[in-house]
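Novice: Chains as they are written, first to last, in full-length UniProt numbering: chain A, 1 to 317; chain B, 1 to 317; chain C, 1 to 317.
Possibly wrong hints are sitting among the right ones.
Straight-line Cα separation of at most 25 angstroms, DSS-like style, residue types lysine-lysine; simulated pairs [unchecked claim]:
{"#": "1", "chain 1": "A", "residue 1": "K46", "chain 2": "C", "residue 2": "K38"}
{"#": "2", "chain 1": "B", "residue 1": "K46", "chain 2": "A", "residue 2": "K38"}
{"#": "3", "chain 1": "B", "residue 1": "K38", "chain 2": "B", "residue 2": "K316"}
{"#": "4", "chain 1": "B", "residue 1": "K38", "chain 2": "C", "residue 2": "K46"}
{"#": "5", "chain 1": "C", "residue 1": "K46", "chain 2": "B", "residue 2": "K40"}
What the hints contain is simulated information worked out from the structure, not anything from laboratory work.
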Amino acid sequence: MSDETGAMLTEMENLVDLDTLSIRELNDLLDLALMYQKGKNGPTLKRDVRIANLFFENSTRTVTSFQMAEHRLGLSRFDIRVAGSSVQKGESLEDTIKTIQAIGMDIAVVRHPATGWYRELVADRNLHLSLVNAGDGAGVHPSQTLLDLMTIKKEFGHFDGLKVAIVGDLSHSRVAKSDAKIFRKLGMSVRFAGPEEWWSEELAPFGSFEKLDDLLADVDVCMCLRVQLERIGQAGRATFTANDYHQQYGLTKARAERLKKTAIIMHPAPVNRGIELDDELVESKQSRIFDQMANGVYARMAMLTRILEERDLLEKE
Amino acid sequence: MSDETGAMLTEMENLVDLDTLSIRELNDLLDLALMYQKGKNGPTLKRDVRIANLFFENSTRTVTSFQMAEHRLGLSRFDIRVAGSSVQKGESLEDTIKTIQAIGMDIAVVRHPATGWYRELVADRNLHLSLVNAGDGAGVHPSQTLLDLMTIKKEFGHFDGLKVAIVGDLSHSRVAKSDAKIFRKLGMSVRFAGPEEWWSEELAPFGSFEKLDDLLADVDVCMCLRVQLERIGQAGRATFTANDYHQQYGLTKARAERLKKTAIIMHPAPVNRGIELDDELVESKQSRIFDQMANGVYARMAMLTRILEERDLLEKE
Amino acid sequence: MSDETGAMLTEMENLVDLDTLSIRELNDLLDLALMYQKGKNGPTLKRDVRIANLFFENSTRTVTSFQMAEHRLGLSRFDIRVAGSSVQKGESLEDTIKTIQAIGMDIAVVRHPATGWYRELVADRNLHLSLVNAGDGAGVHPSQTLLDLMTIKKEFGHFDGLKVAIVGDLSHSRVAKSDAKIFRKLGMSVRFAGPEEWWSEELAPFGSFEKLDDLLADVDVCMCLRVQLERIGQAGRATFTANDYHQQYGLTKARAERLKKTAIIMHPAPVNRGIELDDELVESKQSRIFDQMANGVYARMAMLTRILEERDLLEKE
Numbered sequence: 001m002s003d004e005t006g007a008m009l010t011e012m013e014n015l016v017d018l019d020t021l022s023i024r025e026l027n028d029l030l031d032l033a034l035m036y037q038k039g040k041n042g043p044t045l046k047r048d049v050r051i052a053n054l055f056f057e058n059s060t061r062t063v064t065s066f067q068m069a070e071h072r073l074g075l076s077r078f079d080i081r082v083a084g085s086s087v088q089k090g091e092s093l094e095d096t097i098k099t100i101q102a103i104g105m106d107i108a109v110v111r112h113p114a115t116g117w118y119r120e121l122v123a124d125r126n127l128h129l130s131l132v133n134a135g136d137g138a139g140v141h142p143s144q145t146l147l148d149l150m151t152i153k154k155e156f157g158h159f160d161g162l163k164v165a166i167v168g169d170l171s172h173s174r175v176a177k178s179d180a181k182i183f184r185k186l187g188m189s190v191r192f193a194g195p196e197e198w199w200s201e202e203l204a205p206f207g208s209f210e211k212l213d214d215l216l217a218d219v220d221v222c223m224c225l226r227v228q229l230e231r232i233g234q235a236g237r238a239t240f241t242a243n244d245y246h247q248q249y250g251l252t253k254a255r256a257e258r259l260k261k262t263a264i265i266m267h268p269a270p271v272n273r274g275i276e277l278d279d280e281l282v283e284s285k286q287s288r289i290f291d292q293m294a295n296g297v298y299a300r301m302a303m304l305t306r307i308l309e310e311r312d313l314l315e316k317e
Numbered sequence: 001m002s003d004e005t006g007a008m009l010t011e012m013e014n015l016v017d018l019d020t021l022s023i024r025e026l027n028d029l030l031d032l033a034l035m036y037q038k039g040k041n042g043p044t045l046k047r048d049v050r051i052a053n054l055f056f057e058n059s060t061r062t063v064t065s066f067q068m069a070e071h072r073l074g075l076s077r078f079d080i081r082v083a084g085s086s087v088q089k090g091e092s093l094e095d096t097i098k099t100i101q102a103i104g105m106d107i108a109v110v111r112h113p114a115t116g117w118y119r120e121l122v123a124d125r126n127l128h129l130s131l132v133n134a135g136d137g138a139g140v141h142p143s144q145t146l147l148d149l150m151t152i153k154k155e156f157g158h159f160d161g162l163k164v165a166i167v168g169d170l171s172h173s174r175v176a177k178s179d180a181k182i183f184r185k186l187g188m189s190v191r192f193a194g195p196e197e198w199w200s201e202e203l204a205p206f207g208s209f210e211k212l213d214d215l216l217a218d219v220d221v222c223m224c225l226r227v228q229l230e231r232i233g234q235a236g237r238a239t240f241t242a243n244d245y246h247q248q249y250g251l252t253k254a255r256a257e258r259l260k261k262t263a264i265i266m267h268p269a270p271v272n273r274g275i276e277l278d279d280e281l282v283e284s285k286q287s288r289i290f291d292q293m294a295n296g297v298y299a300r301m302a303m304l305t306r307i308l309e310e311r312d313l314l315e316k317e
Numbered sequence: 001m002s003d004e005t006g007a008m009l010t011e012m013e014n015l016v017d018l019d020t021l022s023i024r025e026l027n028d029l030l031d032l033a034l035m036y037q038k039g040k041n042g043p044t045l046k047r048d049v050r051i052a053n054l055f056f057e058n059s060t061r062t063v064t065s066f067q068m069a070e071h072r073l074g075l076s077r078f079d080i081r082v083a084g085s086s087v088q089k090g091e092s093l094e095d096t097i098k099t100i101q102a103i104g105m106d107i108a109v110v111r112h113p114a115t116g117w118y119r120e121l122v123a124d125r126n127l128h129l130s131l132v133n134a135g136d137g138a139g140v141h142p143s144q145t146l147l148d149l150m151t152i153k154k155e156f157g158h159f160d161g162l163k164v165a166i167v168g169d170l171s172h173s174r175v176a177k178s179d180a181k182i183f184r185k186l187g188m189s190v191r192f193a194g195p196e197e198w199w200s201e202e203l204a205p206f207g208s209f210e211k212l213d214d215l216l217a218d219v220d221v222c223m224c225l226r227v228q229l230e231r232i233g234q235a236g237r238a239t240f241t242a243n244d245y246h247q248q249y250g251l252t253k254a255r256a257e258r259l260k261k262t263a264i265i266m267h268p269a270p271v272n273r274g275i276e277l278d279d280e281l282v283e284s285k286q287s288r289i290f291d292q293m294a295n296g297v298y299a300r301m302a303m304l305t306r307i308l309e310e311r312d313l314l315e316k317e
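With the rest of the complex left out, here is chain A:
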C-alpha cells in the first residue's frame, strides 16, 4: 500500500465540518482570514504542495474562489474533471479519492451531492491526504459559513448579541442550518422567516419562525437565501409566482427602508434579482453581497493555511 504511516489524520488536518471546532479555533480562523483580507502575505511552504479540486456539482463561484485561494497560497492546483469520468464508470468516491492520493495529491477540495460524503473517509486508515468539504448534499458548507462569519465580524467587530434574520427557502438550504448552528454558538441570536411551506422543524432549536415584517426593524443582519427557480410558479409545487414571492417574502425597497441604518444585507449568491431582493438593493450601501464573495477567498485561504500548518508544511514565520 502507498500509505506512509497508517495513522488517521487529526480533525484539524481535514476541514469538513466547522461544528467540531471550538469557539477559539473558529475565531482564530476568522482572524487569520481578516488578516489576509487586510493584505497579509501567504506563508512559505516547506515543499511543493498539490491540491485537487473535485466538484461533483457545478459551482463556478465556490470553485473559482478556492482556486484563487490556492493560487494566493502558492499551492500547485489540479482541477479534476469528474463529469463523464471514472466516476461514471461506477467508481466509488472512496476509490477516486484514493486514486488521486496515489497520484500524489496532498489535499482534496470536494463538493459532492451525498450528505456526509466525508464521514467514512476521514475514518479510513489508508487515507492520508487532507479533505476539505466544499459542500455535501443537504449537509454543511463550511467555507460559506466562514465567509459569512467573516463578513459579520469585519462589519461589527464582534458577534455577541447580534441579531440575524435568515429569510427564504429554509428547508432546502444547506446554508440555513449550518450557519444558524454556528451563529448561536458564537453568541448571536437567529430568527427565521419565509413561506410556511418551506419552514423546517429541524431549525426550531436554533431560532423562532416569524413573519418577515415583524423582525425587520430589529435585526443587525438580514440574510436572504436563494430561491431555487424550479420551486416557483409550478402548479402543485408552489402556490406563488416570482412576483408573489418578492411581494410576500422578498426584501423589497419598502422593507429595506425599515432596516436599521447599521444593518447589513447578505445573500449566499447567485442572487435572483427582483425575487429574493429588489434589483437595486444588490449593490446598495447596506449590501455586503459582493463583499461576501471577496471575503470567500480569504476565508478559504485561512482554512487551507490551517491544514498546511497542522501537517507541518509551513516554514516558521
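Given the structure of chain A, go ahead and fit chains B and C onto it with the hints provided.
Specialist: Just chains B and C now, kept in the frame of chain A:
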C-alpha cells in the same frame, strides 16, 4: 462595495471592439504583435496579474491561443467553466463578471453568444476589471481581425491599396463584417463573393458583391470563410450539397491557379477541407492558414500588453 | 508554413507504441521511472516547454497522472477541452494537432477512440511536435503497460521467467494485448483466463487460454482486467450477472488463498469491487493496485523525459 475607485475604465483598458481605435493605435498594436512574433520578450509585471477565461461558446482554437498568450506574458490564468454553472442557475452575465471581479480577477476574456454583451458592462461604474471581447454573437471578433491584419502586414509590409476578397457565408459570419470595416479603414479595398442567398446588404458599404471568378486574378488576399455544415445539403435551407458548394463557390485547385503568384490564401479556421478550399491548398505555398493560428498568439499578447500598460501594471522597460 | 525544418521526428521523439522500442530501451525507461520513484529530481529544462493534454475519451486517472508527471517535470501544461469543441464542428484530428502546434505546443498527449490515430500523423512532414499515445481505441496504452512493467520490476527486480495470469474481459481490453506482447518480449510467460465468450484468438500467439483455477497456484502476477459493467447482466449480451462473474471468473478470497505468498495482484483500475476482485483484496497485502497508480506518475515522467532528451531540451546533468 468592492469597487475601489468608482471610475469607469478608459477605452484602452478594455479591448472589446477595434473600431474605437485610431489607425495609429491599430498599427501600434500590429507592430507590437510582429515584434513578439520575431522573438521580443514579454514585459515585466509589477505584481501578480490574474486573468479569467470565460467562454460561453466552445472554441478550442481561440481559447487555447489566449491561454498561450497569457502564459507567455506570465499572467496567472483561471479557466472558468461556465457550462453547467451558476449561469445555468439563471445568473446574469453582469453578476458573473462582478463575481469574478470580487474574487480578485484583473482581466476577463469573454466569448458570449449575445451580440454586444459588453456594452452595458463597460459603462458600469462598479466594474473595474478589464474586459476583452473574444467574440460576441453576430458582432465582432477583435483578436481574429487583429491576427488577420498581422498576417497581411507581415506578408506585404503595408496595407495601402491591397485588394482583398472575402468569400463564402457572408451573412452569418462575424469575421466578414468586422474585418471588412477595419480593412477599409487601413486603406485596403474589399470585394465579396459567395452564394447570393448568403449576401447581406449590411456589407454593401464596405465592398461590392461579385462573382468569385471575376475577382480571383485581381486580389492580393483571398479569404475564404467557414461554411457552417448545418447550412449545407438540407432541403429548404440551402440548395446545394458540399460538393456543389465547392464547385460553385469554393477555392478549387483550378481557381487557385488563377490567383496572382504573390497572393495569399487565408481562412479563419477550422477549415472544411474540400468544401471552402481544396484539401491540398490548405498547406500549400500560398496558404497562410496555419500562420494565422501562430500569429493569433502574438496578436493576443499585444492586446493584453496594451491593457496591462494602460492599467500601469508593467515595469518600465 | 509554420514548419521549421520539414524533417520527420524520429521514433524516440514520439512515444506512441512501446513495441518499436528495443529491450534495452524499455529497460532504460523502466530504470529511469524507478529512479524517479526513489526520489530522483527531474532534469533542468533548456527553455519553457509547453505540453497539451487532449483527451477525446474521459479518463480521470490517466489524465491526472499525466498532469502530475508534467507538473513534476516543470512543463507548462495546457488541458485542451475537446468535448464540444472544434472537433465537433467537423475538424479532423490532423487539423486539431496542427492547430495546437501552430499555437506553440511542443508535445501533445492524446487519447482518442480511433485505433492507430497516430499512424499518419507521425509520418506527416508538417508535424514537428512530439506525440504521446495515451490510449488509442482497441490499440495500445503504452503508459499503462510501462507502469505495469515498473510495478513488476520493482517487486521482483527482474522479468526473466516470471509467470503472469491475465484474467477477464480479454477481447475488449486494450491492456491484454499490449501488455502480453511486451511481457513476453521481456522474458515473462503469459496465460489467460476468463469467460470463453471473451477470449480472442488474436491473443493466442502470446499465451494459452486456461481455466482460472488451473493457473492460480502457479503465477507470480495475477492481473485482473476491468469488466465493462454494460456487458454484464443484460439479456442477450452476457449470460451472467455480476455475482456469477465474480464466482466463476473473479478473484474471490478463496482463490486468493491459493496464490503463492510472493505473488502480487494487479488491476488497471477503476476496479469494480466485488466483481473482478473481492472488495477486501483491493487493499490487501498482496495487492499492488494503488501502487500501480502511484507508479503511473513515475512511468509517465520517464516517457516525457525521454522525449525531452531526444529533442535536446534538457541541460546536461
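Novice: May I ask which of the numbered hints given earlier this structure violates, with the numbers listed in increasing order?
Specialist: Result: no hint breaks.
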